[in-house]
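Student: Chains as they are written, first to last, in the working numbering: chain A, 14 to 127; chain B, 640 to 752.
Mixed in with the good hints, there may be bad ones.
Residues from chain B that face chain A, not an exhaustive set, calculated with beta carbons under 8 Å [said to hold, decoys possible]:
#: 1; residue: L673
#: 2; residue: Y678
#: 3; residue: A680
#: 4; residue: E681
#: 5; residue: G682
#: 6; residue: T684
#: 7; residue: S688
#: 8; residue: S732
#: 9; residue: V740
#: 10; residue: I744
#: 11; residue: G745
#: 12; residue: P752
Everything labelled a hint here was simulated from the structure, so no lab data went into it. Glycine included, every Cβ here is placed at the ideal spot set by N, Cα and C.
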Amino acid sequence: DAGVIQSPRHEVTEMGQEVTLRCKPISGHNSLFWYRQTMMRGLELLIYFNNNVPIDDSGMPEDRFSAKMPNASFSTLKIQPSEPRDSAVYFCASSLIGAGQRAFFGQGTRLTVV
Amino acid sequence: DQQVKQNSPSLSVQEGRISILNCDYTNSMFDYFLWYKKYPAEGPTFLISISSIKDKNEDGRFTVFLNKSAKHLSLHIVPSQPGDSAVYFCAASEMGGYQKVTFGIGTKLQVIP
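With the rest of the complex left out, here is chain B:
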């Protein structure tokens, strides 16, 4: 039973436009959320995170939004660049369980030049 759900397996966006990747979770104990990025033949790398006490966190072109009541978070990339083409994993951890991270299945983003 997937506690972190990424319902879109893939997404294609034109260069310069906004990419929006969505994630839903079911575990009410999750209080810290992350996005990881993965290129082919490489391991995932941490991208951005957000604590449950916030509803938005921004880092350059990347912004993560959290809607706790809906148990939903999203990653916005503006503007999208071809180098952003990768698989994006949504992840979450429980209060106090900072070592144990639950990942989604990933969304493959393709940014078309």
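This is chain A alone, in the form it adopts within the complex:
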């Protein structure tokens, strides 16, 4: 079975550019989460969706970050404009509603903003 699929795996971009990270959740899962991992702060929940609807975006650091889930099989996290401090590994995870504690994670996208 395919797990959570993220693309790209690596992204290097220049400061000020727009970055779009993509995620395909596990088929049948109706909750989707975006996390960011940094050395200083560990894994932080940025936003999560239930049934394609954003439920809690309190972890989104700034207005430069936005996330969408147009359908049950696709989500994007966009950073515009990007800054060097956005460099991190971004993970997407999915689960059934109510089971977010045991979500299944993708392999992550390593973002480097230079």
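Following the hints, put chain B in place on chain A, whose structure we already have.
Tutor: Frame of chain A, contents of chain B only:
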């Protein structure tokens, strides 16, 4: 402000010995605790969990202990194996907030053959 704290960034243990990873939390509303394991270039995977109504949960070589009064939990791995070398994240969620999980910064475990 870190609500879930893992104060040891790394730990080295000999194969066959016990590994003990520690975690402290500050939020009294947390009532469900988890450990995730992460290998390089992979996403975290769920390892073991414990509810606040218990003080111990065991799954094979892995045991999680919870001390609510001290707001402390620990993960014991016995015996440790080289394949256990990974980053371990402690995590917690609040009563009713089962979708929102707060993670620590992780502890890198190295099991030496």
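Student: Next step is simple, just say for each hint if it's right about the structure.
Tutor: Now the hints, each set against the structure:
| no. | hint | in the structure |
| --- | --- | --- |
| 1 | L673 | holds (6 Å) |
| 2 | Y678 | violated (10 Å) |
| 3 | A680 | holds (7 Å) |
| 4 | E681 | holds (6 Å) |
| 5 | G682 | holds (3 Å) |
| 6 | T684 | holds (7 Å) |
| 7 | S688 | holds (7 Å) |
| 8 | S732 | holds (5 Å) |
| 9 | V740 | holds (6 Å) |
| 10 | I744 | holds (3 Å) |
| 11 | G745 | holds (6 Å) |
| 12 | P752 | violated (27 Å) |
The structure fails hints 2, 12 (numbered hints given earlier, in ascending order).
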